[in-house]
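There are 2 protein chains.
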Amino acid sequence: MTKAPQSGLLTESNMALFADYYELTMGKADFDSGNNAICTENYFVRSIPQGQYMIAAGLEQVIHYILNLRFTDADLKWLKESKPTPDMSDNFLDYLRHFKFDGDVYAVPEGTPVFANEPLINVTGRSIDIQIFETYLLNVMNFQTLIATKTARIVHAARGRTCFDFGARRAHGRDAGILAARASFIGGAAGTSLVIAGQYFNIPYVGTTAHKFIMDRPSELAAFRDYAKSFPHNTLLLIDTYDTVQGARNACIVGKEMQARGEQLKGVRLDSGDLLALSKAVREIFDEVGLHDVQIFASNDLDEFQIDRLLASGAPIDGFGVGTRLATGANFNPLTGEGGPSALPGVYKHVERIENEKV
Amino acid sequence: MTKAPQSGLLTESNMALFADYYELTMGKADFDSGNNAICTENYFVRSIPQGQYMIAAGLEQVIHYILNLRFTDADLKWLKESKPTPDMSDNFLDYLRHFKFDGDVYAVPEGTPVFANEPLINVTGRSIDIQIFETYLLNVMNFQTLIATKTARIVHAARGRTCFDFGARRAHGRDAGILAARASFIGGAAGTSLVIAGQYFNIPYVGTTAHKFIMDRPSELAAFRDYAKSFPHNTLLLIDTYDTVQGARNACIVGKEMQARGEQLKGVRLDSGDLLALSKAVREIFDEVGLHDVQIFASNDLDEFQIDRLLASGAPIDGFGVGTRLATGANFNPLTGEGGPSALPGVYKHVERIENEKV
Numbered sequence: 078m079t080k081a082p083q084s085g086l087l088t089e090s091n092m093a094l095f096a097d098y099y100e101l102t103m104g105k106a107d108f109d110s111g112n113n114a115i116c117t118e119n120y121f122v123r124s125i126p127q128g129q130y131m132i133a134a135g136l137e138q139v140i141h142y143i144l145n146l147r148f149t150d151a152d153l154k155w156l157k158e159s160k161p162t163p164d165m166s167d168n169f170l171d172y173l174r175h176f177k178f179d180g181d182v183y184a185v186p187e188g189t190p191v192f193a194n195e196p197l198i199n200v201t202g203r204s205i206d207i208q209i210f211e212t213y214l215l216n217v218m219n220f221q222t223l224i225a226t227k228t229a230r231i232v233h234a235a236r237g238r239t240c241f242d243f244g245a246r247r248a249h250g251r252d253a254g255i256l257a258a259r260a261s262f263i264g265g266a267a268g269t270s271l272v273i274a275g276q277y278f279n280i281p282y283v284g285t286t287a288h289k290f291i292m293d294r295p296s297e298l299a300a301f302r303d304y305a306k307s308f309p310h311n312t313l314l315l316i317d318t319y320d321t322v323q324g325a326r327n328a329c330i331v332g333k334e335m336q337a338r339g340e341q342l343k344g345v346r347l348d349s350g351d352l353l354a355l356s357k358a359v360r361e362i363f364d365e366v367g368l369h370d371v372q373i374f375a376s377n378d379l380d381e382f383q384i385d386r387l388l389a390s391g392a393p394i395d396g397f398g399v400g401t402r403l404a405t406g407a408n409f410n411p412l413t414g415e416g417g418p419s420a421l422p423g424v425y426k427h428v429e430r431i432e433n434e435k436v
Numbered sequence: 078m079t080k081a082p083q084s085g086l087l088t089e090s091n092m093a094l095f096a097d098y099y100e101l102t103m104g105k106a107d108f109d110s111g112n113n114a115i116c117t118e119n120y121f122v123r124s125i126p127q128g129q130y131m132i133a134a135g136l137e138q139v140i141h142y143i144l145n146l147r148f149t150d151a152d153l154k155w156l157k158e159s160k161p162t163p164d165m166s167d168n169f170l171d172y173l174r175h176f177k178f179d180g181d182v183y184a185v186p187e188g189t190p191v192f193a194n195e196p197l198i199n200v201t202g203r204s205i206d207i208q209i210f211e212t213y214l215l216n217v218m219n220f221q222t223l224i225a226t227k228t229a230r231i232v233h234a235a236r237g238r239t240c241f242d243f244g245a246r247r248a249h250g251r252d253a254g255i256l257a258a259r260a261s262f263i264g265g266a267a268g269t270s271l272v273i274a275g276q277y278f279n280i281p282y283v284g285t286t287a288h289k290f291i292m293d294r295p296s297e298l299a300a301f302r303d304y305a306k307s308f309p310h311n312t313l314l315l316i317d318t319y320d321t322v323q324g325a326r327n328a329c330i331v332g333k334e335m336q337a338r339g340e341q342l343k344g345v346r347l348d349s350g351d352l353l354a355l356s357k358a359v360r361e362i363f364d365e366v367g368l369h370d371v372q373i374f375a376s377n378d379l380d381e382f383q384i385d386r387l388l389a390s391g392a393p394i395d396g397f398g399v400g401t402r403l404a405t406g407a408n409f410n411p412l413t414g415e416g417g418p419s420a421l422p423g424v425y426k427h428v429e430r431i432e433n434e435k436v
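As you go down the protein sequences, you meet chains C and X in turn. Residue numbering for the first sequence follows this note's numbering, starting at 78 and increasing by one per position. Residue numbering for the second sequence follows this note's numbering, starting at 78 and increasing by one per position.
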C-alpha cells in the first residue's frame, strides 16, 4: 500500500531514503567483498549549458543532510521487506544501522562564481559512505546552482533594476518553489512572491493582484480604488486586464486621489503585450500629470534575453518579476529560440583512492 | 534570522504559507471591500508545449492540501510581524485564522489523457478562499502533469519495452525527485531508481552500479565477479566503463561462471557511446556463446526522440533508464534541437461569478 497523502514528503526521519538505489546495491557489493577504501569524490560541472560561469548554491542543504543522515530501524525494515531488485542482506543493513559520516567535506561558499571543471565540493571518506549521498548532493547542488546562475544572468541584464522571483507556480514541485526563491536570492534577486520562502530564509516577499481581482468588480477603476484603500502605503496596480493605456489613465485617477489624501501610488505592473511600447506610453501618461514617482514593473514570461533587449531599447521599466524561466533555470524559449536545457549536468566523481580499509 | 537548516521544508504545519503573497494581498483587499462572491475557477492548459495531449497527474497532493489547509497562530503572527510589502491587517488575519475550505472540487482522475483548454480541475467556492491555493494547485499540477505526459511519450516511443525513471539527481529539488517518480509511474514507467519514492508510492525501485564501482577495483572482471557474488539472482552489469565490447566479453565470462553455478546473468547496461552500434555488437557477443536471455538496458541522456530512433533502427535494447529529460519534462536537447520548455504553462482562471456573499 502507499502511504497516506501528505504535503511534506521529505522529513528529518526519512531522508536517508532519498537515494538512488544503486548507492545501496553498490554499497552491499562493496561490503560483501570487503572493499571500502578511503576515497575522494568531487562535485563539478563539466560544461556549463549556457554562459561561462555559475553561481554556487545549495551547500547549506547538503551539509545539513550529510551531518544528519541516519537510517532508522523503520527504514531498514522496509528496505528488507519491500523486496527491491536486487535485494538487501541483514549484515549490510546492519552496517547502515550504524552509519554516521565521519569524513571531510571542503566546498566553495554559496554565492561564489565558479567555472566548468572547478570542484564545488570535495568529499573524502570511506568509499561506501561517500557514495550514499550522491543523489541528494547532486539533486540539491544541480538545482540551486542552476537557479542562482540563471538569476545572476537575469540581474545582470536588468542593469541595477530590482528583479523578483515569481516562479513558484511553474517550479517543479513545492520544494523547488522554496529552493528557487532561496537560490535566486543568492543569485541577486531582491525577493520572492512565495511566502514560505520569505519565512524560511528571511528574505523579502511581495504581492500585488491578479487579473481576477480586477475582473471580479464592476469596473477597473472600482478595483483600483478598492486596492488603494486596502494598501495606502504600498499600492501597485495591475493595469493590463482590459486595455493597458486606459488602465494607466485609470491608475492616474487613483494616483491623484491618493495624492489628495496624502498618500502615494507606488507603481503599476504590466503583465502582457509589447512591454517596450507600453512602458513608454504608460511612463508618458504618468509624467504628463506629474506622477513622476510612480514606478513601472513588468512581468510575463521574461528572461535575461528579453530584459536585455527591453532596457537596451530604452524601456522605462523600474523592476521585473520573473517567473517560469527563472524558477526552471536555463529554460528554452520556443518563441525566440533562446535559452537552453533546464538542468545542470553536474557530476559527483571519483577522483582519488587513498587506501583500502577493511569494513 | 533564517530558520535552522532542515531537510523537509514543507510540512503539515506550515503548508498554508506555500502561496504567492498576492493571494493574501488580494484576499485582504477583497475582505476590506466586502467582495467575496461565490466563484468558479478552472485549471487548464491553453496550449501544450509539445504534442497533442497530456496525462493528468498531481490531484492527490492538491486534494490533500485543500482539505487540510489551515493557518496556524504561528503563521499569522509571522505574517504580521515580518512586515511584508504590502502588510496585513488584524481583521483579515482573523479571517484566515478561521479559514477552512467548504466549496466543491471536480476533477479528472489522475492518468486521464486531456487536451488543450480542457479543465482538469474545477473549483467553486468563495472568491477569497478559492484564490488562496492557486499557487499550490498550479505548482503541483503543472509539474506532475508535465512529467506524466513526458513519460507517456517516452513509453510510447519504447514500444512495450520497460522504462525506468532515473532522474532524481537532476530533478529540481528533493520533492521534484519524489513527485517525478510518482508522475512517471502514472505516465507508464515501470519504476524508479529513487528509494524514497518506492516507499511512499509502493512502486518498484531498482538499482545497479555506477562506474565508480568498477574503477574502485583492480579490474573490470574482478568488479563483475564481486557484483555477481552479491546479487546472484539479479546481476545487471555496467559494461561501458573502459571499452564496451571488451566489457561485454567480460560479462560473458561472468555469465558463463554464473551459469555453471546454476545462476543466471540478468543483463548489462550501456551508459555511453553509440547505443545502436554497441547494442547490436553486444547482442551478438552474448548470442554467440548462447547467453540469449541476457538483456540489454540503455541509459545516457535519453528522451523519446532518441529512443524512437534507436528502436526504429533495430537496436536490440530491452529496457531504458531515462533520467534528466524525464524528470525535468519536455526538456530541450541542445545536441539535437529537439524537445521544448521544461514547464507546463497551466493556468487557474476565473470562469464564473455566481453571487456575492458578504464576508
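The set of hints was computed from the structure by calculation and includes no laboratory data. Some hints could be false.
Which copy? The list can't say, so a pair holds if one copy fits it or any two copies do.
In silico DSBU-like cross-links for lysine-lysine, where the CA-CA straight-line distance does not exceed 30 Å [said to hold, decoys possible]:
1) LYS157 - LYS306
2) LYS306 - LYS357
3) LYS160 - LYS357
4) LYS154 - LYS357
5) LYS177 - LYS333
6) LYS306 - LYS160
7) LYS80 - LYS177
8) LYS80 - LYS357
Verification of the hints:
no. : hint            : result
1   : LYS157 - LYS306 : between (62 Å within a copy, 18 Å between copies)
2   : LYS306 - LYS357 : within (27 Å within a copy, 72 Å between copies)
3   : LYS160 - LYS357 : neither (65 Å within a copy, 32 Å between copies)
4   : LYS154 - LYS357 : neither (65 Å within a copy, 41 Å between copies)
5   : LYS177 - LYS333 : neither (65 Å within a copy, 39 Å between copies)
6   : LYS306 - LYS160 : between (62 Å within a copy, 18 Å between copies)
7   : LYS80 - LYS177  : both (27 Å within a copy, 24 Å between copies)
8   : LYS80 - LYS357  : neither (55 Å within a copy, 42 Å between copies)
When each numbered hint is compared with the structure, violations occur for hints 3, 4, 5 and 8.
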